[in-house]
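**Student:** Model the full structure from these sequences, guided by the hints.
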Amino acid sequence: MTTLTEVQPLNSQEQATLTQLESVIQQDLQAFQRTGSALAEIRDGRLYRATHGTFDAYLQERWGFTRQHAGRLIAAAEVAQVLEPIGFHPENERQAREAKGAAEIVKQLEPEQADTVARFIQASTGSEKPTTSQIKAVAEVVRAIDEHGTVDHPETGEPVPFTELPEPARMAVIRENVSTGTHERLQRQKNHVQESTMQAKSNGRGGWADWCLSYAQQGLTDTQELRIVIKRDPSGNPKAQALVIDTATHATIAYGEPADWLKKAVMNLVEEVKA
Numbered sequence: 002m003t004t005l006t007e008v009q010p011l012n013s014q015e016q017a018t019l020t021q022l023e024s025v026i027q028q029d030l031q032a033f034q035r036t037g038s039a040l041a042e043i044r045d046g047r048l049y050r051a052t053h054g055t056f057d058a059y060l061q062e063r064w065g066f067t068r069q070h071a072g073r074l075i076a077a078a079e080v081a082q083v084l085e086p087i088g089f090h091p092e093n094e095r096q097a098r099e100a101k102g103a104a105e106i107v108k109q110l111e112p113e114q115a116d117t118v119a120r121f122i123q124a125s126t127g128s129e130k131p132t133t134s135q136i137k138a139v140a141e142v143v144r145a146i147d148e149h150g151t152v153d154h155p156e157t158g159e160p161v162p163f164t165e166l167p168e169p170a171r172m173a174v175i176r177e178n179v180s181t182g183t184h185e186r187l188q189r190q191k192n193h194v195q196e197s198t199m200q201a202k203s204n205g206r207g208g209w210a211d212w213c214l215s216y217a218q219q220g221l222t223d224t225q226e227l228r229i230v231i232k233r234d235p236s237g238n239p240k241a242q243a244l245v246i247d248t249a250t251h252a253t254i255a256y257g258e259p260a261d262w263l264k265k266a267v268m269n270l271v272e273e274v275k276a
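The numbering used here numbers the first residue of the sequence shown as 2 and each following residue consecutively.
Treat the hints as calculated values from the structure; they're not laboratory data. Just so it is clear, CB atoms sit at the ideal spot from N, CA and C, and this is done for glycine as well. Among the hints, erroneous ones may be present.
Claimed, not checked - DSS-like cross-link-like pairs, simulated, lysine-lysine; straight-line CA separation at most 27 Å:
#1 K265 x K108
#2 K240 x K264
#3 K240 x K265
#4 K264 x K232
#5 K101 x K264
#6 K265 x K101
#7 K232 x K101
#8 K240 x K108
#9 K232 x K108
#10 K240 x K101
#11 K265 x K232
Unchecked claim - Derived DEER-like restraints, expressed as beta-carbon distance ranges:
#12 Q82 x K232: 41 to 47 Å
#13 S125 x Q218: 33 to 39 Å
#14 V8 x G150: 53 to 59 Å
**Tutor:** Now the structure itself:
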């Protein structure tokens, strides 16, 4: 139980904010986006401090949540907030968390780039809901085009500044790059994961550390790196995360959910790329 010496008072504005945010959580625990956003604001503003010494204690005593469950809700809400402006509306927490890879790519875009992605997605899918792989592929292409500055004109084949093309020609360039470049590369990435896993089993290996080496040999390109990053979360607890990074474009190709230990972090990456 939290002791009084561990808590700190809130001012009147903070108390009003806490009451409003807790009302959101209380009224609809199934609305993952509103709940996750409310929890994130309570955590970031330390609005729990008048009654609880830590965010973990607040979660458990006030809502019966584990830190992991709250983290999933917060992550899902963040994904939905990033992807909804470009046409992806996750229906539940799980669907949002599965779109985390796409959200990470979109978050790295400039506002103008994100607007281009949204227009292309709308033109390509119409009323259909885009898939996370579509969003990820389009976002990567738009960012790569912007970094290079010029593209091959869809009619003449001559290099021209992308920004000077009319809107239909821009959409055609993106479509061509998505269909012939990024999608195929992502598919090869998935295949490499499966091949390296099979190779690890066939040569008697099977540990997560050996999987990293096998995948690095068979699944990475010359400009890609498999990284394991360890840092503290907002509550001060150490977290490990495995990522595949393209050092040439600085794009995050794939990454797993953060975990409390290294093996789990690597296995989360495996599951993310397979999915």
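**Student:** All hints are to be evaluated individually against the structure, with a verdict given for each.
**Tutor:** Checked hints:
The straight-line distance between the Cα atoms of K265 and K108 is roughly 25 Å, inside the 27 Å bound, and the hint therefore holds. Note on K240 and K264: the hinted pairing holds, with a Cα-Cα distance of about 12 Å set against a maximum of 27 Å. For the hint linking K240 to K265, the alpha-carbon distance of about 10 Å falls within 27 Å, and the restraint holds. At roughly 15 Å between alpha-carbon atoms, K264 and K232 fall within 27 Å of each other, so this suggested pair holds.
For a cut-off of 27 Å, the pair hint linking K101 to K264 stands: about 20 Å separates their Cα positions. For the proposed pair K265 and K101, the alpha carbon gap of about 18 Å is at most 27 Å, so the pair holds. Using a Cα cut-off of 27 Å, the hinted pair K232 and K101 holds, with the two alpha carbons roughly 19 Å apart. Pair hint K240 plus K108 holds up; C-alpha atoms about 21 Å apart against a cutoff of 27 Å.
At most 27 Å may separate the alpha-carbon atoms for a hinted pair to count; K232 and K108 meet this at roughly 20 Å. Of the pairs offered as hints, the one joining K240 and K101 holds, with about 17 Å between alpha carbons and a cut-off of 27 Å not exceeded. Restraint check for K265 and K232: satisfied, since their Cα atoms lie roughly 15 Å apart, inside the 27 Å limit. A hinted range of 41 to 47 Å is violated for the C-beta pair Q82 and K232, which are about 22 Å apart.
For S125 paired with Q218, a C-beta distance near 36 Å keeps the hint of 33 to 39 Å intact. For the hinted restraint 53 to 59 Å between V8 and G150, the CB-CB distance of approximately 55 Å keeps it satisfied.
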